[in-house]
Each structure stands twice: as structure tokens, then as C-alpha cells.
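**Student:** Sequence:
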Amino acid sequence: MALLTTITGFSLFGLASRFGQLAIQKRNLMDSTSFHPSHLTRACSTCFRPYAPYAHNPYLGGHVVAMAAFGYAGYWAHVYETRTGEYLTTKRAEIAERRERKLEAREEAVKVGVIPA
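Using our numbering, read the sequence shown as starting at 1 and increasing by one per residue.
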């Protein structure tokens, strides 16, 4: 469940960043400028410009691209967090084992009389 929430959260942040980008440009938030194959063969029904590869796209491609890119980044953020958590757990176990061996060696040295108590 954590993976799904991380990806969803990052993709919603991507959508918000896309809305922020369009707001800075003072453009309509539901317009999107991305490539649509119908613009190569005929005039666009909205803007009536022939062969306009970057014209009105009813499929909101820019929003989808932003959400997919940020969702992908969210996936890798989750993977990184999981891997570092596992790495830290093993390192903590190694450190605890080393401390335990040092303590045992010190107790043995005190018992033998090499180190005064």
C-alpha cells in the first residue's frame, strides 16, 4: 500500500506542478499543448490551423506526461527508501555485534588481569 500512496502522491504533485506551470503562463488549466496525430493530416477542429503539431489537444497529454513523470520519480523514491532502510538495518546489526564482541573482549581481559577493573 505504501508504494501505491507514494506513486499517487508524487503524480498528484506532478499535476499540481503542471497547473502551476500553466498558471504562470496565464493559460487555461484544461488546455494542453502536446502532439496529436490528427494535426498532421487535417486541420484542427478547435483552432482551424492545418498541420499544427502543438495545438489544442483534447486528451490533456501534458497533464498525463507530468503525472507519469512524477509518478515514476515517486516509484524510485519508494525503492530508494526501502533499500536504504534495509541497508541501515543491516549496518545497525553489524555495529551492535561489533560492540558486543568488544565488550566480551574487555571482560575477558579484565578477568585475565591484562586490564585493571
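None of these hints come from the bench; they were simulated from the model.
Where hints are given, some of them may not hold.
Unchecked claim - DEER-style ranges, computed between Cβ atoms:
(1) E104 to A69: 27 to 37 angstroms
(2) L12 to R83: 18 to 28 angstroms
(3) P116 to A93: 29 to 39 angstroms
(4) T5 to T89: 17 to 27 angstroms
(5) G9 to R101: 40 to 50 angstroms
(6) L29 to E94: 43 to 53 angstroms
(7) V64 to L4: 11 to 21 angstroms
Even for Gly, the Cβ is constructed at its ideal location relative to N, Cα and C.
**Student:** All hints, please: hold or fail.
**Tutor:** Each hint tested on the structure:
1. About 53 angstroms separates the C-beta atoms of E104 and A69, a value inconsistent with the hinted range of 27 to 37 angstroms.
2. Checking the proposed 18 to 28 angstroms range against L12 and R83 shows it holds: the Cβ atoms sit about 24 angstroms from each other.
3. Roughly 32 angstroms separates the CB atoms of P116 and A93, a value that falls within the hinted 29 to 39 angstroms.
4. At about 22 angstroms, the beta-carbon gap between T5 and T89 stays in the expected band of 17 to 27 angstroms.
5. Checked against the hint of 40 to 50 angstroms, the C-beta distance between G9 and R101 comes to roughly 43 angstroms, which is consistent with it.
6. Here the CB-CB span from L29 to E94 is close to 52 angstroms, well matched to the stated 43 to 53 angstroms.
7. Restraint check, V64 to L4: a C-beta distance of roughly 18 angstroms satisfies the suggested window 11 to 21 angstroms.
This entry does not satisfy hint 1, going by the numbered hints stated previously; all others are met.
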